[in-house]
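**Q** Top to bottom, those sequences are chains A and B.
In case it helps, our numbering puts the first sequence at residues 1 to 367.
In case it helps, our numbering puts the second sequence at residues 1 to 357.
No lab work stands behind these hints: they were computed from the structure.
Note that CB positions come from ideal geometry on N, CA and C, so glycine has one too.
Some hints could be false.
[As the list claims (entries may be wrong)] Pulled a few chain B residues facing chain A out of the computed Cβ check, cut under 8 Å:
no., residue
1, L166
2, W202
3, H206
4, A214
5, S250
6, P287
[Unchecked claim] Covered stretches of chain A (chain B as the covering partner; in silico rule of three or more C-beta atoms under 8 Å from a C-beta of chain B):
no., stretch
7, 174 to 185
8, 231 to 245
9, 306 to 315
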Amino acid sequence: MNVQFRAEPAASVSVKTAIADCDIHPARATPSELFPFLAKRWHQHLETYGKHPYQGMMEGPPYPKAQPNASRRDAYPPEGGPQGSSLSFMQKQLLDPYNVALGVLNPLATGQGLRNQDLAGAICAAINDWQIEKWTSKDSRLKGSIVVANEDGLSAAAEIRKRAGDRNFVQVLLLSRNVEPLGQRRYWPIYEAAQEIGLPIGVHAFGFGGNPITASGWPSFYIEEMVGHSQCQQTALASLVLEGVFERYPKLKMVMIEAGFGWAPSLGWRLDKNFDRLRSEVPHLKRRPSEYIRDHIWWTTQPMEDPERRDHLFELIEWIGWDKLLFATDYPHWDFDEPSRVLPAGVSDANKQAFYLDNAKKLYGIS
Amino acid sequence: MTSPIAGGVDCDLHPAVPHLTSLLPYMNDYWRDQVTTRGMVDLISQSYPTNSPISARPDWRPAQGKPGSSLADMQKQALDPFRVSFGICNPLYGVQMVFSEDMQDAFCRALNDWLVKEWLDKDARLRGSIVIPTQSVEKSVAEIERCAKDKRFVQVLMLVMGDMPLGKRAYWPIYAAAERLGLPIGIHAGSAYHNPPTSVGWGSYHVEDYVAQAQAFQTQMTSLIVEGVFARHPNLKMVMLESGFTWLPSYLWRLHKFWRGVRMETPWVDRAPLEIVRSNIRFSLQPVDAPPDPTTLNRLFDHMQSDELLLFSTDYPHWQFDGEEVLPAGISPDLVRKIMIDNPHATYTRLKQSVQA
Numbered sequence: 001m002n003v004q005f006r007a008e009p010a011a012s013v014s015v016k017t018a019i020a021d022c023d024i025h026p027a028r029a030t031p032s033e034l035f036p037f038l039a040k041r042w043h044q045h046l047e048t049y050g051k052h053p054y055q056g057m058m059e060g061p062p063y064p065k066a067q068p069n070a071s072r073r074d075a076y077p078p079e080g081g082p083q084g085s086s087l088s089f090m091q092k093q094l095l096d097p098y099n100v101a102l103g104v105l106n107p108l109a110t111g112q113g114l115r116n117q118d119l120a121g122a123i124c125a126a127i128n129d130w131q132i133e134k135w136t137s138k139d140s141r142l143k144g145s146i147v148v149a150n151e152d153g154l155s156a157a158a159e160i161r162k163r164a165g166d167r168n169f170v171q172v173l174l175l176s177r178n179v180e181p182l183g184q185r186r187y188w189p190i191y192e193a194a195q196e197i198g199l200p201i202g203v204h205a206f207g208f209g210g211n212p213i214t215a216s217g218w219p220s221f222y223i224e225e226m227v228g229h230s231q232c233q234q235t236a237l238a239s240l241v242l243e244g245v246f247e248r249y250p251k252l253k254m255v256m257i258e259a260g261f262g263w264a265p266s267l268g269w270r271l272d273k274n275f276d277r278l279r280s281e282v283p284h285l286k287r288r289p290s291e292y293i294r295d296h297i298w299w300t301t302q303p304m305e306d307p308e309r310r311d312h313l314f315e316l317i318e319w320i321g322w323d324k325l326l327f328a329t330d331y332p333h334w335d336f337d338e339p340s341r342v343l344p345a346g347v348s349d350a351n352k353q354a355f356y357l358d359n360a361k362k363l364y365g366i367s
Numbered sequence: 001m002t003s004p005i006a007g008g009v010d011c012d013l014h015p016a017v018p019h020l021t022s023l024l025p026y027m028n029d030y031w032r033d034q035v036t037t038r039g040m041v042d043l044i045s046q047s048y049p050t051n052s053p054i055s056a057r058p059d060w061r062p063a064q065g066k067p068g069s070s071l072a073d074m075q076k077q078a079l080d081p082f083r084v085s086f087g088i089c090n091p092l093y094g095v096q097m098v099f100s101e102d103m104q105d106a107f108c109r110a111l112n113d114w115l116v117k118e119w120l121d122k123d124a125r126l127r128g129s130i131v132i133p134t135q136s137v138e139k140s141v142a143e144i145e146r147c148a149k150d151k152r153f154v155q156v157l158m159l160v161m162g163d164m165p166l167g168k169r170a171y172w173p174i175y176a177a178a179e180r181l182g183l184p185i186g187i188h189a190g191s192a193y194h195n196p197p198t199s200v201g202w203g204s205y206h207v208e209d210y211v212a213q214a215q216a217f218q219t220q221m222t223s224l225i226v227e228g229v230f231a232r233h234p235n236l237k238m239v240m241l242e243s244g245f246t247w248l249p250s251y252l253w254r255l256h257k258f259w260r261g262v263r264m265e266t267p268w269v270d271r272a273p274l275e276i277v278r279s280n281i282r283f284s285l286q287p288v289d290a291p292p293d294p295t296t297l298n299r300l301f302d303h304m305q306s307d308e309l310l311l312f313s314t315d316y317p318h319w320q321f322d323g324e325e326v327l328p329a330g331i332s333p334d335l336v337r338k339i340m341i342d343n344p345h346a347t348y349t350r351l352k353q354s355v356q357a
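Hey, can you work out the whole structure from these sequences and the hints?
**A** Structural data, given as structure tokens:
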């Protein structure tokens, strides 16, 4: 999946049935592309001080990616700019050939995970305006995600409420790694606002919150960060469940994005077993943890778990539920999942339809 | 229920140090004085609060004192009823939390000597794990070499959450010593609390910390595999203790997929992660984090694609199962024999050796 062996003409991989792609990453062609949406004081601030995140690198990620911008080498737009920065090329390379009826945009490298919360809020609001201006208003298949200053619950909630009823957006986006585990109360205003305006929260892998990315410190390699996203996501989800977020916000729905889904059953079993032992510590929970997960959590598929024996994949999905998976490609990133290849033979038409399109339409309220 | 068979090996027993003062006879004058003069308190880790339900089965909880602190209780509650021929002692005393490597070293030496005198000398079935001061690799190697002369030490014990990921090259002299001396590295649940106990920070609850042990095991396995520990030390065995194992198949599917994608980053990983696990990594049986129905568990065993990975354990005195139900329902007699006898002996080769040096 890292090296492209041969060029594939887009037309030859088209699939007839419409699909939803629940994880698309739109990029800015240049850093200053955001400036029209950002007050002047922040232009100067960014140029002088940078983003000042919870990690040390002024430019680029702490773990160098496998490819430039973690993206496919064939995804550079002909007009220049990084992969994912051109709507027309995204239409040509992704939306048209794969018949994407719904594409959910998850902007990364926004104002999330910054230490200066005023800057974080300003950049996030700008990114939200930019999604409308550059993407969703230009192609009705694309829907945006409201990004928020994740460490400042009140400002985040205000940004969410500002977008209430705006059908350019179908979810609120958070990242998995924050200053604290996501169930902590500093984040509750975000959940309250999302429930209030009726949007799910997407939790995408990544982010920096100042914690070492393993419970034993910083690992050495990019592969450890990538595989480790599933561990960070599991812990973040355990926190959400154990803090009682779904008791307090019973209509809240959440999507676990790009962190795998294979771990969902075993995490639920482990939570249940230990809840049975230690429930006196968490009396605010009225149900077993796996029941909250079953009712409140959806999962995007990419990168698909890849067992040696494909029947194991079917058993795994049955433990989770065919109604809970949302197909995603992760375009334009290098570990793109090709829609026609992710599911082995033997899936019923109804399950395929749910997996590729209907689950997403229902969750995101797209008719 | 599935009945245990006689002659098994219990790979995870936890004898408890009654109090830090119990180790004073095993310290030199300087450290005895330090402990006493400075009024040091007992080293109880947050991973296992004494009165937490997980720390002791209700019917294994003594009227007074710490669960697991009495040999007679361990004999009566674990060694005798499960008819084991060997029981491996993994002390979970909180010596890893100490920040000074000198103090950690003194406490580890005392703990290992205490284990010999108070436990191994008193029941011929018992074997021990060498607890090491991981903040100093040099001192850890010295302690391994010192203790390994006693063949009743069959393993080196580390915690799953320490200062650095376990695959880091700084730790490799520990692995070289263990491989050379025929000792597997046991990695047990628990944290030194030198880092937040999850990869996303500090949670609120004890149950949260306990659930998160499984994620810590996952990141450590990634670290050990991709840093190349098993390429350098192909004969080294590692045992994940009290780790759970139902997460293993899907974890490996993900690791395998990324290894195929970015193996250029770690070209020394000369075998697929799946193969490395099958040849070098083992898991203790308890806790079995699975639904009680045998169908699901048997599907999971099938997903693991090997019957050599699990090693029998009671996790005594921790509360992981009730009554005699240490083995999950519905597993075959063949698998019972492998889990209880064959797999532990294949892992802990010192069990077959004479204890006379």
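**Q** Now tell me, hint by hint, if it's right for this structure.
**A** For each hint, the structure was consulted:
no., hint, in the structure
1, L166, "7 Å, holds"
2, W202, "7 Å, holds"
3, H206, "6 Å, holds"
4, A214, "6 Å, holds"
5, S250, "3 Å, holds"
6, P287, "7 Å, holds"
7, 174 to 185, "holds (count 9)"
8, 231 to 245, "holds (count 9)"
9, 306 to 315, "holds (count 6)"
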